[in-house]
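Asker: One-letter residues, chain by chain:
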Amino acid sequence: MNAPSASAMVQLQGVTKRYGEFEALHSIDLSIAKGEFVTLLGPSGSGKSTLLNLIAGMIAPSSGRIIIDGRDATTLPTNRRGLGMVFQNYALMPHMTVFENIAFPLQVRGLPKDEIRRKVTGVLDLIQLGHVAGRKPRELSGGQQQRVSLARCIVYNPALILMDEPLGALDKKLREQMQLEIKRLHAELGITMLYVTHDQDEALTMSDRIVLMNGGRIEQQGQPDTLYFKPETVFSAEFIGSSNLIPGEIAAGEGGTVTLKTALGAFPVPAPDRPVRPGDRGVLLVRPENMMLTDRADPTSVAGRIEDSILLGGVVRHFVRCADGSMVIVQELNQPGRAGARRDETVRAGWTMDHARLLPPPPNTSLPAG
Amino acid sequence: MTSSSTASGASGLGPWSAIVLLAPLTVLMFAILLYPLGLTLWTSLYDGQLSLRAYAELASSTLFLKVLRNTFEIAITGTLVSLVFGYPVAMHLAAQPPRRRTACLVMVMLPFWTSILVKSFALVAVFGNQGLVNQLLGFLSGGQINLPMMFNRVGVVLGMINFLLPFMILSILGSLLALDRRLILAAETMGAGPLRIFWKVILPLSMPGVVAGVLINVTLSIGMYITPALLGGRQDMMVANLVDFYTRQTLDWTAASATAVALLAISGLLVAMLGRVRGGLSGGAA
Numbered sequence: 001m002n003a004p005s006a007s008a009m010v011q012l013q014g015v016t017k018r019y020g021e022f023e024a025l026h027s028i029d030l031s032i033a034k035g036e037f038v039t040l041l042g043p044s045g046s047g048k049s050t051l052l053n054l055i056a057g058m059i060a061p062s063s064g065r066i067i068i069d070g071r072d073a074t075t076l077p078t079n080r081r082g083l084g085m086v087f088q089n090y091a092l093m094p095h096m097t098v099f100e101n102i103a104f105p106l107q108v109r110g111l112p113k114d115e116i117r118r119k120v121t122g123v124l125d126l127i128q129l130g131h132v133a134g135r136k137p138r139e140l141s142g143g144q145q146q147r148v149s150l151a152r153c154i155v156y157n158p159a160l161i162l163m164d165e166p167l168g169a170l171d172k173k174l175r176e177q178m179q180l181e182i183k184r185l186h187a188e189l190g191i192t193m194l195y196v197t198h199d200q201d202e203a204l205t206m207s208d209r210i211v212l213m214n215g216g217r218i219e220q221q222g223q224p225d226t227l228y229f230k231p232e233t234v235f236s237a238e239f240i241g242s243s244n245l246i247p248g249e250i251a252a253g254e255g256g257t258v259t260l261k262t263a264l265g266a267f268p269v270p271a272p273d274r275p276v277r278p279g280d281r282g283v284l285l286v287r288p289e290n291m292m293l294t295d296r297a298d299p300t301s302v303a304g305r306i307e308d309s310i311l312l313g314g315v316v317r318h319f320v321r322c323a324d325g326s327m328v329i330v331q332e333l334n335q336p337g338r339a340g341a342r343r344d345e346t347v348r349a350g351w352t353m354d355h356a357r358l359l360p361p362p363p364n365t366s367l368p369a370g
Numbered sequence: 001m002t003s004s005s006t007a008s009g010a011s012g013l014g015p016w017s018a019i020v021l022l023a024p025l026t027v028l029m030f031a032i033l034l035y036p037l038g039l040t041l042w043t044s045l046y047d048g049q050l051s052l053r054a055y056a057e058l059a060s061s062t063l064f065l066k067v068l069r070n071t072f073e074i075a076i077t078g079t080l081v082s083l084v085f086g087y088p089v090a091m092h093l094a095a096q097p098p099r100r101r102t103a104c105l106v107m108v109m110l111p112f113w114t115s116i117l118v119k120s121f122a123l124v125a126v127f128g129n130q131g132l133v134n135q136l137l138g139f140l141s142g143g144q145i146n147l148p149m150m151f152n153r154v155g156v157v158l159g160m161i162n163f164l165l166p167f168m169i170l171s172i173l174g175s176l177l178a179l180d181r182r183l184i185l186a187a188e189t190m191g192a193g194p195l196r197i198f199w200k201v202i203l204p205l206s207m208p209g210v211v212a213g214v215l216i217n218v219t220l221s222i223g224m225y226i227t228p229a230l231l232g233g234r235q236d237m238m239v240a241n242l243v244d245f246y247t248r249q250t251l252d253w254t255a256a257s258a259t260a261v262a263l264l265a266i267s268g269l270l271v272a273m274l275g276r277v278r279g280g281l282s283g284g285a286a
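Chains A and B are the protein sequences, given in the same order.
First residue of the first sequence? That's 1 in our numbering, and the numbers climb one at a time after it.
First residue of the second sequence? That's 1 in our numbering, and the numbers climb one at a time after it.
No more than 25 Å apart at the CA atoms, straight line, and that leaves these computed lysine to any residue pairs for SDA-like:
1. B/Lys200 to A/Ile116
2. B/Lys200 to A/Val132
3. B/Lys200 to A/Thr97
4. A/Lys136 to B/Ile197
In case anyone wonders, no lab produced these hints; they're calculated from the structure.
Make a model of the complete structure from these sequences and hints.
Answerer: Below, the structure is given as structure tokens:
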């Protein structure tokens, strides 16, 4: 057991949660620094919400320790953990006005009336909703309700704010606005935030650090660009951004380069940090935006036929069908007349070796015979 | 074509379906409810000639006013006791997983499946002077304590809540189940303790159920007849018992009818209030 660290707001030590036979979380170790914005990202069922509820104290861990702000909070009831929480459905009290909703946590803390009035007015100004103070939550739009719910959290200045998919119920445009607003509040107030989402764009936009969860374990964690550019597993690569994955077998390695033999040819790849041996299975990753259509038969290119090209606003995506039937996606910046113009053309999709990454094979894949 | 035939009724009987489907009950209700009710109203107004004399006598009758006050006292006491006992039960039921809640609800509904007469005598066996409770108290106190709990106001209220509780519990349970659990979680994360959460979140949000339960209870208990007759004392006569008294003891049918009509008017007023509260609820929840 590690000693509680002074700079950590939250420390999880070997936290496991079992429901009968099912293990929702497998011995999670995680530390969140004071003032950090950490996102728990993962598909549904990956354990991210379970982890958040454990920290909030709504469920108890089967084993392990939860330390909040240097204090062992493993068995502390929710109302004594000093947290704030923002819910997806806002969870505003329907029988209270906006003002009363925001005043509620201050009344809990026994603040004098005029101080409550001053603080609530201040935070309503911060979220620019002073004009709706007297209204009931149901009279507000979804975006306004979520801002009130945020205000209700920041008004009592908790050391840690937990957010459970808070923007899940909003439409895309509003969601992007709110992402920036939450980011601004985080920067201004310096409150530690733990944010749960299944939306990779949201995680990339907002976080200091992303904790990617998969099947009750932490798959990978790091800064957004680390997760994007240096995924360590096929799961990470596929969950964040889109990816071209070509499986194969390591043939030889010399210096900083190894060669991966695949159904589409043998490709040189920068040697990964972990040790690899000839004969190991591996997966080659190249992001679509690092691929380009080319005529030259480089060693880092595959031949194929453009099956379709689709326009995504600023970029265009070419779907290239390779000889073995697999598909490679090439994403280029859009130029007039680009999409569709080259359909059915035989091309090569190439990349520079630095943009390729050798990943370990995903678990549970059987080796092909021979 | 399809839509118009659907609009005229699912039965396929065409425009006559409403009349055909409602006629049997209409005839029955007319025969057993409206006709006797009209007769009662007529009797209360016609005493050799048409007059409001019976009502004037009622308004100045100390007996009627005393019984009316009794009735309200008993109804309100019974309702409050039912509320105090029923609310915790409803809270407990709301906290159960659905399957166990269903099983518990069967127990709540059990009194409905027993005749009120049987229940009244059973209550005497339990709470009477020689009943189980007093025997136990006597045994524990060495014969010092014997609580008079039957054939008085306590007996009436005990008998009444037996009948009233399910209505109160179901009504409050409905409101509690509609309450979003995340509101309670939100209040907890904000630091609120269980008592504050109850007073500031759970109770206000379950008020519609409480109000509905109280009105149903008052309306039901105001017309109680068998329970006060069997379990009450001389001082616990309610309006329905007074009707019985005029009908069978003094044979003053005019006074009996006027009393019955007055009781019906009071109950009707309460039902109307109940309707308004419910209507206001569905309007307010939107």
